[in-house]
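Spelled out, the chains give:
Number of protein chains: 2
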Amino acid sequence: MKAEIITIGDELLLGQTVDTNSVFISKVLTPLGFNIHYKQAISDSKQAIIESLDLSIKRSKLIIITGGLGPTKDDITKHTLAEYFHSDWRWDKDVLKHLESIFSDRGRELLDINKQQAMLPALCETLFNRKGTAPGMLFDIQGVWVASLPGVPYEVVEIMEHSLIPKLKSEFNIKPIINRTLTTALIPESKIAQKLEAFEESIKNRFSLAYLPSYNIVKIRLNALNSTITQNEFDQKWEKLIHELGDWVVDTTDSPISEQWAKILIEKDFQISTAESCTGGYIGNQLVSVSGASTYFQGSVVSYANQIKSNVLNVDADLIQKYGAVSKEVAVAMVNGVSQVMNTSVAIATTGIAGPTGGTEEKPVGTIWIAVKINDHISVKQYKLRGTRIEFMLRAFNTAFVQFKNLLQHSK
Amino acid sequence: MKAEIITIGDELLLGQTVDTNSVFISKVLTPLGFNIHYKQAISDSKQAIIESLDLSIKRSKLIIITGGLGPTKDDITKHTLAEYFHSDWRWDKDVLKHLESIFSDRGRELLDINKQQAMLPALCETLFNRKGTAPGMLFDIQGVWVASLPGVPYEVVEIMEHSLIPKLKSEFNIKPIINRTLTTALIPESKIAQKLEAFEESIKNRFSLAYLPSYNIVKIRLNALNSTITQNEFDQKWEKLIHELGDWVVDTTDSPISEQWAKILIEKDFQISTAESCTGGYIGNQLVSVSGASTYFQGSVVSYANQIKSNVLNVDADLIQKYGAVSKEVAVAMVNGVSQVMNTSVAIATTGIAGPTGGTEEKPVGTIWIAVKINDHISVKQYKLRGTRIEFMLRAFNTAFVQFKNLLQHSK
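Protein sequences appear in the order of chains U and V.
Count the first sequence with my numbering and you get residues 1 to 412, in order.
Count the second sequence with my numbering and you get residues 1 to 412, in order.
Worth flagging that the hints you see were computed from the coordinates, not collected in a lab.
Incorrect hints may have been included.
Identical copies go unnamed one by one, so any copy, or any two together, can satisfy a pair.
Keeping only pairs whose Cα atoms sit at most 25 Å apart, straight-line, the calculated DSS-like set for lysine-lysine is [stated by the list, open to error]: (1) Lys328 to Lys58; (2) Lys58 to Lys46; (3) Lys237 to Lys328; (4) Lys263 to Lys328; (5) Lys268 to Lys73; (6) Lys131 to Lys27; (7) Lys191 to Lys115; (8) Lys73 to Lys204; (9) Lys61 to Lys46; (10) Lys191 to Lys204.
None of these values were measured; they are calculated from a predicted model.
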């Protein structure tokens, strides 16, 4: 079942906004058996909306549009769709009631400009938006479904989960094409491909592999190439793939590393804390980003300045003087300090140079020491990580996870 | 000068990867006068590449393609382009030399699969990639430029900045259409639009306004509608817009809030620290994300567990007992504690309920107390923030910035 996404908004084309809506929509529609085969990002212009719809309607059965439903003059999606589908207008009383209640809750006056949001094309079915003021709309144009959603990410989530997906499930009966993804870490893509050369040859015509490298992580997706391939046949190849990769596999899912980490911490009943210098709290923040983090996360100390390393983490100032803040010795002292201060069984410490400035010949930008402590076992390693500041932090997070997993295995 | 971007990769359509490459490309090409009027995301399939190129070549003068240049079998962009443009092949000796040096630096063997990356279509000019193994390619097809770049974000940055942009600048002489963006905060989009109704009416046909709401921030972009509008005429309207908005404007640029914050901290010679509970280190991490953060950022304490609030931040345990961890009193104690421990002139503290669980009737999910301290002045406020965990953190960061700016103004 072919589907596509059209995101509307000059801000997407000017690079002012990162499009996370289409990512979410893809993630939830793919497992339902929809094949999202195109995405288009277009400007807030009537002509662009019409041109992209002309194209999409020819090649897809489901088209999801996001953006351009706000109350301001630059929001033209609703009027353009009404015109495109030759629709009259209607007032939606439920939406109006919802608007009145939102504005009264927020203690704000309901302006005319806001009231207009309850006026909808007569041809569409309302996709109710409990979390915001702009309702979604669903048009059924001779069997092609065109859904128009607002551009605010959590409103997209709300409407997809509670309104559109239930309708899609009851209307379409789709057989998904099977695919599954696993996670490897710290092994380069080309090295993996070399190892899998014979395997890849043996599956061709029925399956394909895709390599998704991302900051010291390579995810590998096994795709069935058509819907005649059974779960049983797929599972055999999947097991073979895992066997071929051996201990390069860190997880047999493509869950975010933060969730993989959370899973282990909860299973093992570990408490974790972090002491971070160059990663600036990124590792702790990633661990907290998972709902329910309070069951395993105690806290972090971001000791960007050296005196904090001494004052809060009890790192001996002489140690910093002697070896430098970016050293094996200081990383170990930090991990010991934070596990003590926070009273945790697991601790992570980082000290390094995120760049772009601050590097020296001996300790160039990208140098990082990562120390991991699990009960009485400590592992400390140096890495050289590439990329911008935020990419450096991402790599550090992924790398720390692998170091943690390895220490866990070896300290059994 | 019309331009568009084609991103290739099933991972984009499956929602496994967030596309930041096209965001970067838009950001750097727009100020040069390119009008990015379409983006397409397509699958790793020959047919999709050909269909999207057919379309793009008709409507744009510059087409930038990202992805599908890796060494593995799912990377088909290079061969598809060579076929599409009927090109022979050539070995690029500089690329081969570069590959040999990269692999020897990383202590890895140069495999045949890697060597193949130095084989390029004879028709293209090489866009040298100092940071990676896949070179970019530039085709000039009767005046339409088609550039093909790898999918790795920092390699895209490298090739754009050092190879493609210099070529574009020397080849095309473009007059940019003027636009400029400012930042407002904590005022709803519709309220701003109401205030600007007369202004918007007065500029129509020559200028347009765009509203870009994002987590308690609304950015407003003033667009000139054609290239006959002079800088002088634009500036007059711009000043008028700023005047209309008054103190709703927090910055007359669209810089990220982290950079706006950094600018003030550096100007005022402030040192900052954060004590974070519900925001899990997000605020500190955003402050550190700016290059040169060590001039103003001392550190953070993420006191997710209550005992850390007491042990590290010296928050009286009785206070937590009496008022609860999510309270005005504890927020104030945290901000005092961290400014003392970290010895900083400015401090931020947060305590709240990020959700989705943990809310009560009295303190529902989304409740947050933010305390800001500048020297001896403290401001403490309660907010109700909406969205997922990460959206909650984003809103908290933006809201803390506005609270900081207001306190700064009132404590002068």
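Structure-based check of all given hints:
no.: 1; hint: Lys328 to Lys58; verdict: neither (61 Å within a copy, 58 Å between copies)
no.: 2; hint: Lys58 to Lys46; verdict: both (19 Å within a copy, 19 Å between copies)
no.: 3; hint: Lys237 to Lys328; verdict: neither (43 Å within a copy, 57 Å between copies)
no.: 4; hint: Lys263 to Lys328; verdict: neither (29 Å within a copy, 34 Å between copies)
no.: 5; hint: Lys268 to Lys73; verdict: neither (55 Å within a copy, 39 Å between copies)
no.: 6; hint: Lys131 to Lys27; verdict: within (21 Å within a copy, 31 Å between copies)
no.: 7; hint: Lys191 to Lys115; verdict: between (59 Å within a copy, 13 Å between copies)
no.: 8; hint: Lys73 to Lys204; verdict: between (52 Å within a copy, 11 Å between copies)
no.: 9; hint: Lys61 to Lys46; verdict: both (22 Å within a copy, 22 Å between copies)
no.: 10; hint: Lys191 to Lys204; verdict: within (20 Å within a copy, 58 Å between copies)
Of the numbered hints listed earlier, those contradicted by the structure are 1, 3, 4, 5.
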